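Asker: The lines below spell out each chain.
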Amino acid sequence: MDLGAERPDIEPVTERERALAEENARLRRICGALIERVESAGMADGAPYGAFEHAVLLAEQVRERTDSLHRTLEALEEARAEAEAANRSKTRFLAAVSHDLLQPLNAARLFASALEDQALPEAAARQVGHIGRSLRDVESLLGTLVDISRLDAGVLTPDIAAFPVAELLDVIAEEFRQLAGARGLEFRYVPSEAVVRSDLALLARVVRNFLTNAVRYTERGRLLLGCRRRPDGLEILVGDTGPGIDEAQQQAIFLEFRRAVTEPAEADRGLGLGLAIVDRIATMLDHPLHLASRPGRGALFSIRVPYGRRIETPPAEAPPGMHDLSGARIWVLDDDPAILEGMAALLEGWGCRVRCAATPASLEAVSRRERADLLLVDYHLAPGGPDGLSVADRLRRWHPGLGVVVITASHDGELKQRARERGYDCLLKPVKPLRLRLLIANRLEAGSA
Amino acid sequence: MFDAPGSSSTTASPRTAASDSLDPERAAAELAEALAGPGLGFVLFFCSADYPLAALGEALERAFAPVPLAGCTTAGEITPAGYGRGCIVAIGFDRDDFAIGCARVADLEAFALPQAQRLVDGLLADCRRRAPDAEARPFVLTLLDGLSSSEEQVLSTLEAALGGIPSFGGSAGDDNRLSHTHVYAEGGFHDASAVVVMIASRRPFEVFTTHHLRPRREKLVVTAVDRERRRVLELNAAPAAEEYARLVGRPVAALDDGVFARHPLAVRIGEDHYVRSIQRVDDDGGLRFYCAVENGIVLTAMQPAPMLEELAGVLDGLGRRLGPPALILGCDCFLRRLELEALGRVEDASRLLAEARVVGFNTYGEQHQGRHINQTFTGVAIGSRG
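In order, the protein sequences belong to chains A and B.
The working numbering numbers the first residue of the first sequence as 1 and each following residue consecutively.
The working numbering numbers the first residue of the second sequence as 1 and each following residue consecutively.
Keep in mind that a hint or two might mislead.
[Stated by the list, open to error] Which chain B residues stay away from chain A? Per the calculated CB distances, all over 10 Å, these:
| hint | residue |
| --- | --- |
| 1 | P68 |
| 2 | A110 |
| 3 | Q117 |
| 4 | R130 |
| 5 | A131 |
| 6 | E152 |
| 7 | A245 |
| 8 | L247 |
| 9 | V252 |
| 10 | H263 |
| 11 | E294 |
| 12 | A305 |
| 13 | D316 |
| 14 | V346 |
| 15 | Q369 |
[To be verified] Examples of chain A residues toward chain B, derived with CB under 8 Å:
| hint | residue |
| --- | --- |
| 16 | R29 |
| 17 | A51 |
| 18 | F52 |
| 19 | V56 |
| 20 | E60 |
| 21 | I160 |
Calculated from the structure, these hints are not laboratory results.
As the structure is a computational prediction, the values presented were derived from the model and not from experiment.
All C-beta atoms, glycine included, are put in the ideal place defined by N, C-alpha and C.
Based on the provided sequences and hints, a complete structural model is requested.
Answerer: Written out as C-alpha cells, the structure is:
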C-alpha cells in the first residue's frame, strides 16, 4: 500500500463509494501527520512542542532517579539509625556496668589500702600488696573501657586549662623510670618549662599510653620522654628502641585490639585498647598525633599541644609521707555503706577523726553539734534528694572554713567547673588513696594558713 | 481587607494579606500595614489586570521600599479567604526564614543555556548570601507573561540550568481578555518577560501539581498547525473547530471557555496525560491553544472527575507529609475556576482553599519542573517548622 499517495486508485461512483473515498483520504492525511510526527520525534530542533516533550521526558527521568535515590537514602538512614541505637545501647550498658563495678571496687581499694597501712606478717603483707596491684589493674582496665565508650558516645567533655607541662611530665617520668628500670631499660627524661593548654587528665592518659606501649614492646635499649618546641605548639615525644612499626601498619595500630606483630613472651594484661584511646582523645582535643618509625630501629610517638599562658604555679607539694593528718576532723557523706566503712578505715588509719553519714539530714544533725576541717561528699547521693554540691553549699553557710572534696564517677567537665568555681576539690572514682591523702593535706594546710 | 479564618497573619511567616480596594495607594497601604515589619525580606503579589498598573507599581514600591517585590497580573486571585476578583493578594516572607533571590528574563527569545546558567548561578549566590543557615534548600517560582507564546523553550532551558532544584509557576493572566498580561520585577510591570524567584528555606516544602481530568476513548490527530501562533488548523484532517464541536456535540458558534473547560484535550506521554488547553476559536475555523502544538500529535478527549474532592485529597496528603502547612502558594488554571463557577461550587472551593492556607492566582497556564502544563493546580506547600 502506498501511504504517500494523494488519491485513491479507484474513481468513486456511488454515494457510498464517495464517502469511503473521502474517509480514505482523511485517513491518509492523518497517517501522514502521524508519520511526520514519529519521524521527527526526539529531534532537538528547538520546536516549542519538542521542548515540552523533552521537558516531560526529562522530568520523568529525574523523578525515577529521585525515587531510587530516596529508596537508597531511606535504606541507609535505617541502617544508620540501627547502628546508632546499637551504639547507644552499648554505651548505656557499659556505663551502667562500670558504675556498678566501680562502687564495690572503690570499697575494695579502700579496704586494701587500710590493710597495707597495718602492721602485718610479711607473707600477709605481700599478699595484700598483690591484692592491691590486682585491684589497680582491674580499675585501669575498667577505666579504659569506660573511657572508650564515653569517647565514642561523645559524653566526655574536655576540661581545658593552662598548666606547666612539667606538672604533668615530672610525675609520669618518675612513674615510668621505675617501671623501665624494673625491665632493665634506660630511661631518659628531658624536662621542659613550657606552659600548655589542654585537659591535663586526658593528656596524661595519652602520654601514659605511649610510655606503656614503649615499655611493653622494648626488650632492650632505652626510652625517651621529652618535648620539642614547635612554632604551633609543644610536641611531647615518647621514643623507644623497640621493634618499630611497619609503614603499612602505622594506621592500623590506632584501631582497637591491634598490636604490633612482636608479642612479648611474658603475659601482659593490656587489652590492646591503648592507642585507640590515644587516637580518640587526640581527635577530641584537636591535638595532632605523629608517628615516626623504622622497623628494627624503634618508634617515636608524639602529640602536639597548643601553648598556654603561664599561670601562678601552686607551691611545690611536700612528699606524701611528710603530711601529718592526725587529728584532722573529717566528715564523709555517701549513700553507700560499704564506701563509708572503707573510707572510715582508711582515714582512721591516717589518724583522722571521722564522722560518717549516709544521708544529708543525718550529717546536718551532726553539723549542728560539731565542727570539721573537711567534707568528703559523693556527688551522686540518693535519687530525689540534693546532690553533693548543694549539700556542701548548705554546710558551708554554717561552717565557712570547711574544706570540700566532691567525689564523683562522672568525667563531666561541667561538674568539675562548678566545683572549682566554689573553691571545692574534685576527685574521680575510684578514689586513689595517695591522691586523697595529698588533697586532704593540701586542704588542711590551706585552711590553717 | 480579607481575613483568613483562624489565621494569625501577623505572627506567622510567611504572612499573607489581600486588599479589594481599587485605589492603588490604598491597596498598597493596606498590604503594607498587614505585612511590613523589620523582618520583612521579600513580597510576592498577584493583582487584577484592572488596576492602573503603573500607579499600582509605584504605590507598592513606596509602601514597601527597600524590600524587593515580584508578582504578576491574574485571571482571578486566591486570597487568604478564597477566590477573589479585581483585587490584590500578597505574601510577605521574613528574612530569618527565607532567603530569596529574584531575576527577570527581559528577552525571552534570546534566553539560551548560557543566559540561564548565569541567571541560576546569580540566584544561588544571592540565596547563599542571604541564607539564614546552611541547611536551607531552594525551590524556584516562575512567573511568565501568559501571552508570550514562548513558555516551552524558556522553561526547558531554565530547567536544564536548574538541575535538580524543584520549580513551578504560573503564566500571568488578565481576566480572560487575552490582551495584556504582565509580570512585575525590578520595580515595574513588564510584558514579554519572565520572572524567576528562588526561595531557600530550612522549612520543609513540597512542589506539587494535580488535575482532576480523566481520559476518554476518543482520539484526535492534529493534521495541520500554525506552530508560531500555537494554532491547530485541522483535527483528523477536518477543520479543527468543526471536528472539536462534533466531539463535544455542540455547534461551532457555541464553543466558549466553559465548553473548553469541561471538554479538554490532552496529549499522553508515557502514563501521564497533559492537558493542552484551547484558548479560542479563530475566524478561519482553527483552534488557538495556550501551549505549543505540533503536527501529528495525538489529542485524547478528557472528562472531569469531581475537582474539589480530588484537590482535598491532594491537600490532605501534603498536610500529612509536611505537617500543617504555613502556606500553600497555588497556581490555579483559570479554566478550573470557570468549571467551578459553572457548577456553582465557588464557595465550597473558597472554603477548601482558605482552610488549607492557599494563596495564589488563576493562571493562563502552569509550570512544573520545566513543563508547561494546563488546567492543573500547581504549587508549593511550605511547612510550619524548620
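Asker: Take the hints in turn and mark each one as holding or not.
Answerer: Checked hints:
no. : hint : in the structure
1   : P68  : holds, 29 Å
2   : A110 : holds, 13 Å
3   : Q117 : holds, 16 Å
4   : R130 : holds, 27 Å
5   : A131 : holds, 23 Å
6   : E152 : violated, 4 Å
7   : A245 : holds, 17 Å
8   : L247 : holds, 15 Å
9   : V252 : holds, 19 Å
10  : H263 : holds, 21 Å
11  : E294 : violated, 4 Å
12  : A305 : holds, 22 Å
13  : D316 : holds, 21 Å
14  : V346 : holds, 31 Å
15  : Q369 : violated, 4 Å
16  : R29  : holds, 4 Å
17  : A51  : holds, 4 Å
18  : F52  : holds, 5 Å
19  : V56  : holds, 5 Å
20  : E60  : holds, 6 Å
21  : I160 : violated, 27 Å
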